[in-house]
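Residue numbers (our numbering), protein chains in the order written: chain L, 1 to 324; chain Z, 1 to 343.
Certain hints may be false.
As the list claims (entries may be wrong) - Okay, the calculated beta carbon distance ranges per label pair:
1. L/P294 / Z/D268: 31 to 39 Å
2. L/L88 / Z/E21: 50 to 58 Å
3. Z/E264 / L/E204: 49 to 57 Å
4. Z/D247 / L/K9: 37 to 45 Å
Think of the hints as simulated: they come from the structure by calculation, not from any bench. For glycine and all other residues, C-beta sits at the position ideal for the given N, C-alpha and C.
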Amino acid sequence: MTQPLLDVKNLKIHFPQRKGVIKKRTTYVKAVDGISFTVNEGETLGLVGESGCGKSTTGRGITRLVPVTDGEVRYEGTDIASLSKSELREQRKNMQMVFQDPYASLNPRLTVEDILAEPLKAHGVKSRKERRERIEKMMDVVGLNRKFISRYAHEFSGGQRQRIGIARALILNPKLIIADEPVAALDVSIQAQILNLLKDLQEEFGLAYLFISHDLSVVRHLCDQTAVMYLGRMAEVGNTDKIFENPLHPYTQTLLSAIPISNPRQQKERIILQGDVPSPVDPPKGCAFVGRCPKAHDRCHSDRPELQKMGEDHYVACHLYDQN
Amino acid sequence: MTENVLDIQDLEVSFKSDGKEVKVVNGISFSIGAGETVGVVGESGCGKSVTSLSIMRLIPSPPGRISGGKILYKGENLLDKKERDMRKIRGNDISMIFQEPMTSLNPVFTIGRQIDEVLLLHKNMNRTQARRKSIEMLELVGIPRAEQIYDSHPFELSGGMRQRVMIAIGLACEPQLLIADEPTTALDVTIQAQILDLMRGLKNKTNTAIMFITHDLGVVAEMCDKVVVMYSGEIVEQADVDTLFNDPKHPYTVGLLGSLPKVEEKQDRLFSIKGQVPPPGTVEKGCRFAGRCSHVMPRCTEEDPPLLKLKDGHDARCWLYDDQFKGKEAGARDTAAAGRKEP
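Next comes chain L alone, as it looks inside the complex (with noise of 0.2 Å):
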């Protein structure tokens, strides 16, 4: 079998809170506790899951932009965990994130040209003219008209400057994108053009996306393979058509039947929960979902459920599919 692009085994991230008068008493949010997923050359893999369920934290710490308190995160093959400074800084360059808000990650001060220009001066493309032909090619290819090159980032409209924004995670040729929400924060008419715009790059440059979103239908829209997370540890990996097709953990389940159908004829029944996400600083002992499950029973309760395998591609961890 081929080596996949990236490799996440067991990943842990946990960020210690000092509590107390004298603030020694130390507890942990565990943002991320323990989850392992690849993703493929030229593949999607969409990361999905609630508010505070990790995912973001995850797509940081693979890119090392948060510290990994375990676990290995291999990038063809090299654990990214135990670079050096200027080793991760040379390997940044393959793995690009693109963020959410597209207010928010561009800097207001800097012209497009500025903008797309620093990683090429980060990376050591140091002429000039070198600099100018790369980015108005990639203004080229994400639909940016060259005559903005000198245009300040508030000049643009949101899905404009989620261009601009994929623009500068492409300028230096990845090969994995990191995209954290990237359409979360656009109207659905500017969505379908960014959705539409991250199908054809893949198509032309073979790129493969770690695609963290909330929202389903988007994942199902765009992605090979699914991975749902909740408080910090993984549901259900797989296919994205068996998961979507046939969701085997309860909270799969429930997520699915909570999206609004565009359709008024098509109206299905809904699994409503009961409850919020439990705290990631003191989660529950056994199955993370426990509180909030329909189906709980004892076992669910004492002891936590590891990923297992249920057909070609598609793994849950749930005590309901457990053999004894």
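With chain L fixed as given, assemble chain Z onto it according to the hints.
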């Protein structure tokens, strides 16, 4: 015929910017009957929130100004009311739920105090009665341990809980009309499902009319009886929910529905409307959607299309449906309606 709870007629709202007055709501009319839920959809900047703020007379003035039209609440024009009378209506007859449950509650007062406030103001209750009613409201919106939550502060609650509190405040005086401005946009899907379920239940119980402002067409399909689609300050189409989703006529509505990724089926490519919404005040004549429309005709850039009545309760603002053009443009019209299925 029963009287409508709300009747908006030719409403115009302008904002002053750079010394120039720009119309952001340009002559819209629609009505909401008792117990009816009307969805107002559109993208950012289409004027949907400005419309709702106008009903409450909460447009910041200056720079904003309601420059024309009428807003009839049970037959009385709200625009003629004195500020003092408006204050009696707000929160009592008409109340509003906002998008951001995090910012629309006051962080320094307890939940209880914020619900009590409306009751003390409008319902002549004393503190004990208000407290009892508030706790009852909290229970109604499905908050567990209501007595404890009554004494909590907003920061102690999650987003979903805060939105429930907002709904409790909104419904405390049993309003005739509830304006919900993107009430679930900031929430996760499972929490959104809880809140929508709650609103549906309450509507059936209290027969409140709801104006539901959202950009999420899925939520509209699920919640509303009638839908008003807005684009650039105008109504481009309105119909009952079934007609709008299954037989949309205006190219913008068709495009909007086509650009939604669907969870039920896998699509290869999304239909996308090219370009972007023109900034208010930039389209001088003709249809405001003409620049992005795939069925644009010469007439569209010359003459502003009126809201044409297609059949009872279904209107669209598009020259494709003008009677004079019937034979000639029938072909174009069929493609417009079929646009959803285009790849």
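In rising order, the numbers of the hints this structure does not comply with: 3, 4
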